[in-house]
Amino acid sequence: MKKYTDSGNKDTRSGFGDGLTELGRKNPNVVALCADLVGSLKMQDFIDENPDRFFQVGIAEANMMGMAAGLTIGGKIPFAGTFANFATGRVYDQIRQSIAYSGKNVKICASHSGVTLGEDGATHQILEDIGLMKMLPGMTVICTCDYNQTKAATLAIADHDGPVYLRFGRPKVANFTPEDQEFQIGKAVKLYEGTDVTIIATGHLVWEAIEAAVELNEKGISAEVINIHTIKPLDEEAILNSVKKTGCVVTAEEHNFLGGLGESVARTLALNHPAPQEFVATQDTFGESGTPEQLMEKYGLNSDAIINAVRNVMKRKKQ
Amino acid sequence: MEIQEMKDFTSQVRRDIVRMVHKVNSGHPGGSLGCTEFFTVLYQEIMEHDNNFNMDGIGEDLFFLSNGHISPVFYSVLARSGYFPIEELNTFRLIDSRLQGHPTTHEGLPGVRIASGSLGQGMSVALGAAQAKKLNKDSHLVYSLHGDGELQEGQNWEAIMYAAGNKIDNIISTIDLNGQQIDGSTDQVLPMGNLQAKFEAFGWDVLEIKDGNDLQQVIDGLKEAKSRTGKGKPVCILMHTVMGHGVDFMMHTHAWHGKAPNDEQLEKALSQNPETLGDY
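One line per chain: the protein sequences are A and B, in this order. Under the UniProt record's numbering, the first residue of the first sequence carries the number 1, and numbering increases by one thereafter. Under the UniProt record's numbering, the first residue of the second sequence carries the number 1, and numbering increases by one thereafter.
Quick caveat, the hints were computed from the structure, so don't treat them as lab data. Accuracy of the hints is not assured; some may be wrong.
EDC-like, lysine to aspartate or glutamate: derived pairs with alpha carbons at most 20 Å apart [to be verified]: (1) Lys-232/A x Glu-182/A; (2) Lys-134/B x Glu-182/A; (3) Lys-167/B x Asp-52/A.
Kindly generate the complete structure, drawing on both the sequences and the hints.
Spelled out as structure tokens, the structure:
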């Protein structure tokens, strides 16, 4: 079984910051906006190198989204960064009208998504953002799993013409994807071949899925693991090819089961190849304060939860 | 354009407005009629603009309509300024039309650079476009129009604060002060106090057009506003208009904010605004 090595824990938001810095050097049209969270979003290097191309809007996310839309008129490629909560729910209508419906080339860059934001608690832990963003026509929705993938995605979305929601997080997590990876929007990454069950994971849950697959393998269960970094457009072909082989699927995400990756996968299966599915996701609740590890455990978002879901879904497959 | 030509233009635009909303029995004639002089002067006299539409608009002045419900006047003036065929006004609010109830880029209508209608968002967009102009070393200006009732939306004040704090001095934002909104007068619905003092307190350079339905005053006001750009402050025009101006029974009331005339009312409205440039 292939071994994925953590090259050293790093936060995905640093992948965003470093990707943005690189973009600043290679693409003069890239501009950035932030609503008083420069440090949290790791944007300082970009700002130091490109002070004229950075717009500090203050604690005014609605204005930030509108300004980002306006900056595209004149050929700029705005990267607007704040916490996921304030990048989506707080400004849904601004994104809907001024960005998505207007077809503006804005990159909404959302850090501190999900419960792993940790101690700040539920006011800041959005678990609905994937749903909100994927429901907007024309919006591309990306949720990256580690530092390297977040950096690669940041670079890739600058070359994609159209609005993008890029979701990443706060804590340091395993960094295991290749440094030199090519990030293809809408193209799933298969991490393990398997025959008994398909595990489809996104974001921080991808590493948990790898750990689960290793443990399952020791117990004689062959799990296929797919890293879905792009939730919309969804790589339906990769999902269907895998589930046709394994006959069942577990989806895993740091998001409410309503509106997330799991529902997108369920739709794909319902339309093309109905199969048993279990959802590793939050169960229509808000989060709370705690360490990321404690919260992942309490809300059923770790490798143990994935293993349990695999056992359950495989029982359903046999019936 | 001579004043008389502009008067003729506004008469035709007013005919377009009432005919458009009458045909589909929906739309917003009141604010459209009140802003007819403003749009006419802006597109016929003030802005350097290219009716061979390009979204980026580099090298030309840009206009953003924030109170998108007054789309009839916007569409009429765009069409009669050569952005799209005048006959297309006939499709206003109909299925498969580029002339949606509220303006949008979605159907690719030339002259429209942002969707608007959900109120309060246009100034932010205009600011972004103004910043892009500065980055592009493009000395042209960005204009925006906002309803007075629309200023009740908080996003405006985020934008107003940002613009002054960051010395965005290539923008002219006009507020259509007709004192009416859909539920009644602005004073009845939510009094906004002294808007001049508010804008000035935020750091804007504010001027007033006392009669926004007087062509000469609108011309003078916009020219004065232009002369105040590039001096470190965003420029605001408080423009007093009469909602429904040009159709006597629609004036001085909020009743025609979002209501279409019936056949008889249409004839009366048209009789007060002679056909000058040819109906579509």
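Original post:
Going through the earlier hints one by one, which of them does the structure break, listed in rising order?
Top reply: Hint check: 2 fails alone, others pass.
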